[in-house]
Amino acid sequence: MRLAFEFALESDHVTADSVEVSGYPDLAQRYRITGVPKTVVNEEFEFVGAQGEGALLRAVQEAVAVTPAAPE
Amino acid sequence: MALINDEIAAQLREEFQGLVGPVRLVVFSQALADPDSEQVTRLVSELAALDPRLGFEDVNFVLEKEKAEAFGIGRTPAIAIVGPEKDHGIRMYGMPSGYEFGSLIDAILTVSKGASGLSEETRQALAKVDRPVNIQVFSTPT
Chain P
1 MRLAFEFALE
11 SDHVTADSVE
21 VSGYPDLAQR
31 YRITGVPKTV
41 VNEEFEFVGA
51 QGEGALLRAV
61 QEAVAVTPAA
71 PE
Chain F
1 MALINDEIAA
11 QLREEFQGLV
21 GPVRLVVFSQ
31 ALADPDSEQV
41 TRLVSELAAL
51 DPRLGFEDVN
61 FVLEKEKAEA
71 FGIGRTPAIA
81 IVGPEKDHGI
91 RMYGMPSGYE
101 FGSLIDAILT
111 VSKGASGLSE
121 ETRQALAKVD
131 RPVNIQVFST
141 PT
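Taken in sequence, the protein lines are chains P and F.
Residue numbers are given in this note's numbering: position 29 of the first sequence equals residue 29, and the series is strictly consecutive.
Residue numbers are given in this note's numbering: position 56 of the second sequence equals residue 56, and the series is strictly consecutive.
Check before you lean on any hint, since a few could be wrong.
Unchecked claim - Quick look at which bits of chain P chain F covers, simulated, 3 or more residues with Cβ under 8 Å: (1) 29 to 43; (2) 50 to 57.
What the hints assert, rightly or not - For each label pair, taking beta carbons as the anchor points, the in silico distance ranges come out as: (3) Lys67/F x Gly49/P: 31 to 39 Å; (4) Gly49/P x Glu57/F: 28 to 36 Å; (5) Arg13/F x Arg58/P: 33 to 41 Å; (6) Arg53/F x Glu44/P: 32 to 40 Å; (7) Asn5/F x Ala69/P: 44 to 52 Å; (8) Arg131/F x Phe47/P: 18 to 26 Å.
Because the hints were derived from the structure by calculation, they are not lab data.
From the three backbone atoms N, C-alpha and C, an ideal C-beta is built for every residue, glycine too.
Isolated chain F (complex conformation):
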């Protein structure tokens, strides 16, 4: 049975009309050690199938360690949302259900557009950032 039902799929197809450039969704999973991995892999593959501009790749965290390291992935399940021009370092860890599913859709649309809705003042301030900054936002299932 599909994780994304017909009604949600129709809504998402409509939302994805707003896609501009292609987005690659790279899932890092390990089926044996992590029970959530299979669900996340299925969910993201179903999501990617809704629009031709969305690409899907499943990376085995154990067998493709170098690739996981190249993406900076240290645990599973993880999703890298990669833009048409480059990887902006946007990652989601855990099962994106409830509110987090909406965050995943937001991330896809934002990356695809390649433009944020931030104020000019904030964008100018961020342009001055010259050293590594990692923002982690923790949530629980909703």
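This is chain P alone, in the form it adopts within the complex:
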């Protein structure tokens, strides 16, 4: 979790949500939470288990690559 917070701290374009899913069964179902921690970036890029900053950075970069730039 700390990594996601640190990513948000370093970039004005990155936000980080920690979600304890037991109170949100709809989210557990929607994101198919069968193992934790599960990380989901921009609703599309995901992995399960604790990973290093390299793995999270790759997921962020993949998300950026497919996200259209904001209009000027």
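With chain P held as given, fit chain F onto it using these hints.
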């Protein structure tokens, strides 16, 4: 009865010696529809009372809808951890118990310092991010 006992409070006071700038903890709650809201509100208010650099605000999710929207909050209970200079978009949803309580303390300390422990390479890569990225990390009670 307090949610944070004397022993834990003493440990947290010591941890909060590492705070640098003030941190505002904004809790979004709705007492009637969400049984966890009251507990989270109590927990965060007790936490904030442990150090003068920590601020606490309780926002009624139903009555203060505009404020919740301004913070991008769509469900309760939620905690926004807001830094001294700005809001970095760091949020916690649900009851922060067990491992998640440690994550909340981490978030407070990280935001207060305003500096991450990330490598220079990662920080340079993040500086190039020019479009919105939302990272969600899901956990269960431990």
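Cross-check of the supplied hints:
With a threshold of 8 Å between beta carbons, the proposed coverage of the segment 29 to 43 of chain P by chain F holds, since 10 of its residues qualify and at least three are required. Check result for the segment 50 to 57 of chain P against chain F: holds, 4 residues qualifying (beta carbon to beta carbon below 8 Å, three or more required). Checked against the given bound of 31 to 39 Å, the beta carbons of Lys67/F and Gly49/P, roughly 36 Å apart, stay inside it. Under the hint 28 to 36 Å, the C-beta atoms of Gly49/P and Glu57/F, about 35 Å apart, fit the expected range.
Distance hint check: the CB atoms of Arg13/F and Arg58/P are about 39 Å apart, consistent with the given range 33 to 41 Å. Our hint of 32 to 40 Å for Arg53/F and Glu44/P holds, since their Cβ atoms are close to 38 Å apart. A hinted range of 44 to 52 Å holds for the C-beta pair Asn5/F and Ala69/P, which are about 50 Å apart. The beta-carbon spacing between Arg131/F and Phe47/P, approximately 21 Å, falls within the hinted interval of 18 to 26 Å.
Every hint, counting from the list given before, is met by this structure.
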